[in-house]
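Starting from the given sequences, assemble the full structure and let the hints guide the process.
Protein chains: 2
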Amino acid sequence: MAKDDKAKDSRPQGLLPPRQAATAIARLPKGMRDVGPAEVRGLERMLKKIRGVYELYGFEPLATSALEFSDALGKFLPDQERPNAGVFSFQDEDGDWMSLRYDLTAPLARYVAENYDRLPKPYRRYQVGSVWRNEKPGPGRFREFVQFDADTVGTDNVAADAEICMMAADALEAIGVPRGQYVIKVCNRKMFFGLLESIGLMGTENDQRQLTVLRAIDKFDRLGATAVRELLGGGRTDASGDFTKGAGLTPEQIDQVVLYIGLYIGMQMLPNENEAAVDHWESQCDDWAGVVGKSILGQQGVEELRLMALHFHAAGYGLNQIKLDSTIIRGLEYYTGPVFEAELTFPIEGDDGKPVRFGSVGGGGRYDGLVSRFTGQPVPATGFSIGISRLYAALQALGKTGAETARGPVLVLVMDKTDLGAYQALAAKLRQAGIPAEMYVGSSGMKAQMKYADKRGSPCVVIQGGDEKAKGEVTIKDLIAGAQAAANITDRAAWTEGRPAQVSVPEADMVRAVREILARHSR
Amino acid sequence: MAKDDKAKDSRPQGLLPPRQAATAIARLPKGMRDVGPAEVRGLERMLKKIRGVYELYGFEPLATSALEFSDALGKFLPDQERPNAGVFSFQDEDGDWMSLRYDLTAPLARYVAENYDRLPKPYRRYQVGSVWRNEKPGPGRFREFVQFDADTVGTDNVAADAEICMMAADALEAIGVPRGQYVIKVCNRKMFFGLLESIGLMGTENDQRQLTVLRAIDKFDRLGATAVRELLGGGRTDASGDFTKGAGLTPEQIDQVVLYIGLYIGMQMLPNENEAAVDHWESQCDDWAGVVGKSILGQQGVEELRLMALHFHAAGYGLNQIKLDSTIIRGLEYYTGPVFEAELTFPIEGDDGKPVRFGSVGGGGRYDGLVSRFTGQPVPATGFSIGISRLYAALQALGKTGAETARGPVLVLVMDKTDLGAYQALAAKLRQAGIPAEMYVGSSGMKAQMKYADKRGSPCVVIQGGDEKAKGEVTIKDLIAGAQAAANITDRAAWTEGRPAQVSVPEADMVRAVREILARHSR
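Just so you know, the protein sequences line up as chains A and X, in that order.
Read in the working numbering, the first sequence has 317 at position 317, and its numbers run on one by one without any break.
To convert a position in the second sequence, counted from 1, into the working numbering, add 1000.
If you are wondering where the hints come from, they were derived from the structure by calculation, not from laboratory data.
Check the hints yourself; a few may be wrong.
[Claimed, not checked] Each computed EDC-like pair below joins lysine to aspartate or glutamate, with the alpha-carbon atoms no more than 20 Å apart:
1) A:Lys48 <-> X:Glu1093
2) X:Lys1048 <-> A:Asp454
3) X:Lys1049 <-> X:Asp1034
4) X:Lys1136 <-> A:Asp454
5) X:Lys1121 <-> A:Asp351
6) A:Lys136 <-> X:Glu1093
7) A:Lys30 <-> X:Asp1096
[As the list claims (entries may be wrong)] Using C-beta positions, here's what the derived DEER-type ranges look like:
8) X:Asn1115 <-> A:Pro139: 49 to 55 Å
9) X:Gly1241 <-> A:Thr23: 24 to 30 Å
10) X:Gly1138 <-> A:Arg118: 21 to 27 Å
11) X:Lys1447 <-> A:Leu211: 42 to 48 Å
12) X:Gly1316 <-> A:Met446: 26 to 32 Å
13) X:Arg1515 <-> A:Asp351: 50 to 56 Å
14) A:Asp416 <-> X:Lys1049: 53 to 59 Å
As the structure is a prediction and not an experimental result, all values here were calculated from the model.
Idealized CB from N, CA, C, for every residue including glycine.
Spelled out as structure tokens, the structure:
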């Protein structure tokens, strides 16, 4: 290649990139990741199924830009010179701050406000896309990740909330989570406000205690009733000796809170019979109505929950799909009415090796303040967001990503470099028959080519050496059967003689023979 | 709602968002856009078909992060304090500069360098995703847009280049561009260097003239031979009187350049017969070999082109799909060998109302310097990039986006707000039959509901008022036939009496009746 190099040296300046030493380090910024072929394909399959369900419910797709003005995202505090540190931001040439979206809800609010007049009302859209968080990354916590949202904007009808819960259940079943291995938990934030009101814990002077009560309820699932009683009262010392200050409630107040939570326990013990669902939901709502007492907001919350249950029942959903659960909190701000959470109930191995529930893969609820930031008018809305990476991890745990059955392309080996056209023709014939296939386009010999086929997960290779060519034949080597045979055969002579998993056929029969091998290994 | 408002006023501070005045303006940053439902769906269909073709060729998907270190993108000049102004950049908490990717090739190079040892070689991947350019936006020029790339890394075998050209042709046909309405134009950058060498225009002292020659060749298609001769010689005065300085070549040099281009003209006039393709390609290559004369680089370019043509022929591609074209330039830097461009040849209306060719929708070629920036070792690579928005615009011009046949969901009207469960049950029944359907979840009356159905493009609405309920029936109103009838009927009495496009059926027959309407209007 010396001549070639010489020619290159005299090439016009600037027309070819100059020879260069390594000038940059190949590394991803922290918290970022690359997604390989199995996961890209598996995600695509999963997203397609979710889209199918959302389209069935009449939701239509929207794609907004990744960049928004920081103030449109609500991430610009008036007393600061820079946007919130939690978002990735920079100034454009006009000095305006822009940020990468940190969720899909804030851009939706901007979009609705900007296009309000021409949108159908209610406006129902789904969107799937990356969001970015300028937060400390950790195991399983990335700075770029994909969310799949569905929202209904412009109605305070809780039919819209109920529908989103049913849609979430359908989506989980569509991607392969069996009924009984997930639950959509539903509550209403107003019920919790009603509880606070009924125990006299309203008003800004009780801010801190409200928080403590919320946190205690949130821990019920993990710590149980006794611990929660302590956290609601004087405080609790855990196994390690650490003391957590309590909310300082009176015994009567504590009873009320535990009663509020406790209705959830009763529900847990009920059989999953669909017929019983509506009666059970009704009786839960009656009990909660008792706990929130005279609080108008609380009663409103219970009635909304009752209405949602009516929709669940009318559409045929049962307790093995949707549960009313008074421990569902979902953060402190933002939500104003119904809240919901999708939880996967099958066990996976926890950090300590013990089985734990897979847990939450998505959630949402009703929010009213987002669009009004732009319009000054309240625009009621409700939505649900799925964390796509986490849901995909769940599918992996269930063995249902589809990656299990993935195969690489059929590889046509290059035996004679002066006759590339012949191999290209063979590869083209396979592709025309709809079989993923490639001619080896590298420059290495047989051994490297077989190694390449192995690395690509090729089900078989097509070989046409001089002998085959003379006879108008091709040899097809079944790599899957070959690998199985190799694992079983220890005697080299038997291997060589038996030539397992290899067949020679006339060139005209190549497609049929390859199809037979693919069919043999289809799962 | 006064009570409700009062209840809300006493809500715990911080638990519900405070009432607020408009504090932000709902607007997109300039150069950004929102993509609505028809285009999202149409893009999804189009991308799926392209993916299918690329998978058939054995390319596997990859998804890299949107953010990269600026120096990994090669967008950080050593003598500057900030990255290139063409990219969106900011400093992370460690003071490192990060940028949004401006194409998919630079991240590929980073990925390959970072994972070199474990990747199959050659490594063949496709990636589709947004890229961002911090450039002045204009009509049809956005700061965020989607690219679809396929690259083969790690081989200098031009079989890989040929394959990418064939794949591009297949992809265009797969999405619905008819054969004969597109062309993949192929050239080799080394041939152009050979031309420069053969007319004695090498060396850095000729930098400016090389550029002028390139630009003149690039204008051949638009201005024709006479104008190009002037641009290669003393200069040209255009119709408006503006003078463009020429390259100052001698008449003999000009003859050589025009001969180099002219072979392209001859090709244009040849019939599109596949059988003749390989002979024609061969004879073109013979002629170019004559023009580049003794230039070793030029001869190498011709031989590479000849080899590519051999692959095209072997795989059954003809002149109505792929053409060798010596006017293909594709920018000044970056590419080192084969270059290709996908052009759509059908006419659309130009800015002046006259028909113009749709033009380029993608291109690519061989590049060698990208991975070596990280490794110091040359890693040959070749790739092709499709501009997705532009290609989608082409499909729109052809009426093949699929949006033409799109329908909204069937709408179940809410006639009695105290009986929402009944309507929910009807909607659920339609969905269970696989028919996109929704119960109206807003709070407005009949008129607004019909307007909503219209805005959503619903093919029909399902109505169950008191009368129908009593009889166990539903009424289905065919909105498409209704609109057609309304356009034809001018007599109001005839309209009311005829009740066109409306049918009442027993509730149990609802799904069948809706299916009939959908089938009637399926196109």
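### Query
Does Glu1093 (chain X) lie within 20 Å of Lys48 (chain A) when you go C-alpha to C-alpha?
At roughly 37 Å apart (the allowed maximum being 20 Å), Glu1093 (chain X) and Lys48 (chain A) break the hint.
### Task
Using the beta carbons of Arg1515 (chain X) and Asp351 (chain A), state whether their distance is inside 50 to 56 Å or not.
With Cβ atoms ~52 Å apart, the hint holds.
#### Entry: Satisfaction of hint between Asp454 (chain A) and Lys1136 (chain X), Cα-Cα up to 20 Å
With Cα atoms ~48 Å apart, Lys1136 (chain X) and Asp454 (chain A) exceed 20 Å; violated.
### Task
Can you let me know if the beta-carbon spacing of Asp416 (chain A) and Lys1049 (chain X) is within 53 to 59 Å?
Violated - the Cβ-Cβ distance for Asp416 (chain A) and Lys1049 (chain X), about 35 Å, lies outside 53 to 59 Å.
### Task
Check the following: the C-beta atoms of Gly1138 (chain X) and Arg118 (chain A) are separated by a distance inside 21 to 27 Å.
holds, 24 Å
### Query
Is the straight-line distance between the alpha-carbon of Lys1048 (chain X) and that of Asp454 (chain A) 20 Å or less?
This hinted pair is violated, its Cα atoms lying about 27 Å apart.
#### Entry: Hint consistency between Lys30 (chain A) and Asp1096 (chain X) [alpha-carbon to alpha-carbon, up to 20 Å]
Roughly 11 Å separates the two Cα atoms, so the pair holds.
### Satisfaction of the hinted span 26 to 32 Å by the C-beta atoms belonging to Gly1316 (chain X) and Met446 (chain A)
holds, 27 Å
### Message
Can you confirm whether the C-alpha distance between Lys136 (chain A) and Glu1093 (chain X) stays at or below 20 Å?
### Response
Cα-Cα ~10 Å, so holds.
### Query
Taken at face value, is the distance from the CA of Asp1034 (chain X) to the CA of Lys1049 (chain X) at most 20 Å?
violated, 23 Å
### Query
Does the Cβ-Cβ separation between Gly1241 (chain X) and Thr23 (chain A) fall within 24 to 30 Å?
Since the Cβ atoms of Gly1241 (chain X) and Thr23 (chain A) sit about 47 Å apart, the hinted range of 24 to 30 Å is violated.
### Message
Against the 20 Å threshold, does the CA-CA distance of Lys1121 (chain X) and Asp351 (chain A) hold or violate the hint?
### Response
violated, 37 Å
Violated hints, listed in ascending order, are 1, 2, 3, 4, 5, 8, 9 and 14; each of the other numbered hints is respected by the structure.
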